[in-house]
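Protein chains: 2
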Amino acid sequence: MKIFNKIAIVGVGLMGGSLGLAIKDKGLSAEVLGISRKRKTLRLAKEKKAIDRGFRELSVLKDVDLVILATPVETIIDLAKKISKIISKDCLVTDVGSTKEKVVSYLDKLFPNYIGSHPLAGSEKRGIRFADKDIFKGSLCILTPTKNTSFKALTKIKRFWQMLGVKVVLLSPQFHDKVLSFISHLPHILAFSLINTTPKRFLDFAASGFKDTTRIASSDREIWQDIFLSNRRCILKAIDLFQQNLSKIKSAIKTRDKEFLNKFINQAKRKREQLK
Amino acid sequence: MKIFNKIAIVGVGLMGGSLGLAIKDKGLSAEVLGISRKRKTLRLAKEKKAIDRGFRELSVLKDVDLVILATPVETIIDLAKKISKIISKDCLVTDVGSTKEKVVSYLDKLFPNYIGSHPLAGSEKRGIRFADKDIFKGSLCILTPTKNTSFKALTKIKRFWQMLGVKVVLLSPQFHDKVLSFISHLPHILAFSLINTTPKRFLDFAASGFKDTTRIASSDREIWQDIFLSNRRCILKAIDLFQQNLSKIKSAIKTRDKEFLNKFINQAKRKREQLK
Numbered sequence: 212m213k214i215f216n217k218i219a220i221v222g223v224g225l226m227g228g229s230l231g232l233a234i235k236d237k238g239l240s241a242e243v244l245g246i247s248r249k250r251k252t253l254r255l256a257k258e259k260k261a262i263d264r265g266f267r268e269l270s271v272l273k274d275v276d277l278v279i280l281a282t283p284v285e286t287i288i289d290l291a292k293k294i295s296k297i298i299s300k301d302c303l304v305t306d307v308g309s310t311k312e313k314v315v316s317y318l319d320k321l322f323p324n325y326i327g328s329h330p331l332a333g334s335e336k337r338g339i340r341f342a343d344k345d346i347f348k349g350s351l352c353i354l355t356p357t358k359n360t361s362f363k364a365l366t367k368i369k370r371f372w373q374m375l376g377v378k379v380v381l382l383s384p385q386f387h388d389k390v391l392s393f394i395s396h397l398p399h400i401l402a403f404s405l406i407n408t409t410p411k412r413f414l415d416f417a418a419s420g421f422k423d424t425t426r427i428a429s430s431d432r433e434i435w436q437d438i439f440l441s442n443r444r445c446i447l448k449a450i451d452l453f454q455q456n457l458s459k460i461k462s463a464i465k466t467r468d469k470e471f472l473n474k475f476i477n478q479a480k481r482k483r484e485q486l487k
Numbered sequence: 212m213k214i215f216n217k218i219a220i221v222g223v224g225l226m227g228g229s230l231g232l233a234i235k236d237k238g239l240s241a242e243v244l245g246i247s248r249k250r251k252t253l254r255l256a257k258e259k260k261a262i263d264r265g266f267r268e269l270s271v272l273k274d275v276d277l278v279i280l281a282t283p284v285e286t287i288i289d290l291a292k293k294i295s296k297i298i299s300k301d302c303l304v305t306d307v308g309s310t311k312e313k314v315v316s317y318l319d320k321l322f323p324n325y326i327g328s329h330p331l332a333g334s335e336k337r338g339i340r341f342a343d344k345d346i347f348k349g350s351l352c353i354l355t356p357t358k359n360t361s362f363k364a365l366t367k368i369k370r371f372w373q374m375l376g377v378k379v380v381l382l383s384p385q386f387h388d389k390v391l392s393f394i395s396h397l398p399h400i401l402a403f404s405l406i407n408t409t410p411k412r413f414l415d416f417a418a419s420g421f422k423d424t425t426r427i428a429s430s431d432r433e434i435w436q437d438i439f440l441s442n443r444r445c446i447l448k449a450i451d452l453f454q455q456n457l458s459k460i461k462s463a464i465k466t467r468d469k470e471f472l473n474k475f476i477n478q479a480k481r482k483r484e485q486l487k
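Those protein sequences? They're chains U and F, same order as listed. The numbering of the first sequence is the numbering used here, which starts it at 212 and goes up by one. The numbering of the second sequence is the numbering used here, which starts it at 212 and goes up by one.
I should point out that these hints are in silico values taken from the structure, not numbers from a laboratory. Hints are supplied without guarantee of correctness; some may be wrong.
In silico DSBU-like cross-links for lysine-lysine, where the CA-CA straight-line distance does not exceed 30 Å [said to hold, decoys possible]: (1) F:Lys213 <-> U:Lys411; (2) U:Lys461 <-> F:Lys348; (3) U:Lys411 <-> F:Lys487; (4) U:Lys292 <-> F:Lys448; (5) U:Lys313 <-> F:Lys474; (6) U:Lys336 <-> U:Lys237; (7) F:Lys459 <-> F:Lys448; (8) U:Lys448 <-> F:Lys474; (9) U:Lys293 <-> U:Lys260; (10) F:Lys422 <-> U:Lys482; (11) F:Lys461 <-> U:Lys482; (12) U:Lys313 <-> F:Lys369; (13) U:Lys482 <-> F:Lys474; (14) F:Lys461 <-> U:Lys422; (15) F:Lys422 <-> U:Lys461; (16) U:Lys296 <-> U:Lys257.
Using the sequences and the hints given, assemble the complete structure.
Shown next, in the form of structure tokens:
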């Protein structure tokens, strides 16, 4: 069902491209524009039918109804001011950045009809060639309203995500960043560190446990550098807590403390089994 | 093809039961006996046709050709002496324990025809009800010969694994334990610690990255306590190295050291992409 006339997606990578495909699949917009610096990306996005038309200039944003910023976090902030001078007063704006406090506090002031989004979908892959309309199926999208969020932005963008088949949850940008520091950022740091700790010649012996634990270690450098730096404070706290737990199990192994090991493994097992 | 008359599997859980199914599927033995303390396990194993007959006493081992010890590591050591007094001089013996130095140094002296095995197959599940003949397909089995290993044990047990469709690699027990401390034991410690670090109420937001990284955290308590204590020295060293890497990325985030973050993430990504 059509709820927009013209949606523009700025940054047509895995996430932007998948959004284009999903929007077109559900018929949510009469037209989907894609904006990218790279001609090749725009060509591929058009071939995949993730966008109807591709542009390298932001000026085409002047008459769109909804702008979705789908670049790495630092680039969202770099582009926002320029975009705010081009779009109409009524235009809705959202972003799909993986950290919210920094982005939302900046965009909130620039755009009268803005709300931050974070669809918890995607993969370790990057680029339009991995775009897939189905990545949103059954997933969660966190919206991060603030006291400045307009009713229109909240209701219309919430509806937009719901029509893509996504369950919407509202969290403050601060709480979002805290949750994500444990659920996503810390696991990435551990995966990067684990694989960098493992001697290369041992990798031939990796079975499914190692592979699953390190899958996200092949994630994109630019995206993750931005996430680490834009959510520094929360991430440092999560690492602190993790280090305390790691020290505890290490010292239990050192002192052969079976009681602690039992408790620690059982607690982990019980918590993990709650997840589907 | 039949290469044994009577194989006995001591411990009919996920691994022992899967072995029984695979042996019977390939017709490697005229008969497969299962030994367990629990009547229920033996009943389920027979229902699944993972064993032909089940016993609660070790005395039935007196005329078997091959004994496979498939219990947690500490139990293997507990049972070995009794078994050595029952089996015939020609009987082949192997175990499928996840750490080798401690087990092999003990069993090597007790049995004239012993070699340690470690099939890198299985899952975080435990128990006969998860037994599956296909877990060995395309997997690796590490055999750990020593200067005491008989030629007969090495060749015949190597052939046994190969006939189950497994690729066999020979490593010393010491080197096996070092490799596994990085490839399997450290990832389990991180998964247990990660989930114990994550506040329970945040688990609702877990997406595929968190789930994959922590899948092995629902592994069995008894098995893993034994592994941690029987491979203490190697595991403590692996944790040390991991802690150093974690401290490095933490301090790079703290000081906003983009150059280090870039290098660290890129190195991880390149190494991870070598794995299939």
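So if I understand the rule, the pair passes when the alpha-carbon distance is 30 Å or less; does Lys448 of chain U with Lys474 of chain F pass?
23 Å, holds
Does Lys448 of chain F sit within 30 Å of Lys292 of chain U, going by the straight-line distance between their CA atoms?
50 Å, violated
Lys459 of chain F and Lys448 of chain F: Cα distance at most 30 Å?
17 Å, holds
Given the hint that Lys213 of chain F pairs with Lys411 of chain U, test it: the Cα-Cα distance must not exceed 30 Å.
Answer violated: Lys213 of chain F to Lys411 of chain U is near 39 Å, above 30 Å.
Can the restraint linking Lys422 of chain F and Lys461 of chain U be considered satisfied, given a maximum Cα separation of 30 Å?
23 Å, holds
Does the alpha-carbon distance linking Lys313 of chain U and Lys474 of chain F stay inside the 30 Å limit?
24 Å, holds
Assess, step by step, whether the Cα of Lys461 of chain F is no farther than 30 Å from the Cα of Lys482 of chain U, and give holds or violated.
Given pair Lys461 of chain F, Lys482 of chain U holds - Cα atoms ~26 Å apart, limit 30 Å.
Holds or violated: Lys313 of chain U and Lys369 of chain F, Cα atoms, limit 30 Å.
59 Å, violated
Distance restraint between Lys461 of chain F and Lys422 of chain U, which requires alpha-carbon spacing of 30 Å or less:
23 Å, holds
Would the pair Lys411 of chain U and Lys487 of chain F pass a check requiring their Cα atoms to be no farther apart than 30 Å?
14 Å, holds
Taking only the CA atoms, is the gap from Lys422 of chain F to Lys482 of chain U under or equal to 30 Å?
12 Å, holds
Would you mind confirming whether the straight-line C-alpha gap from Lys296 of chain U to Lys257 of chain U stays at or under 30 Å?
27 Å, holds
When each numbered hint is compared with the structure, violations occur for hints 1, 2, 4, 12 and 13.
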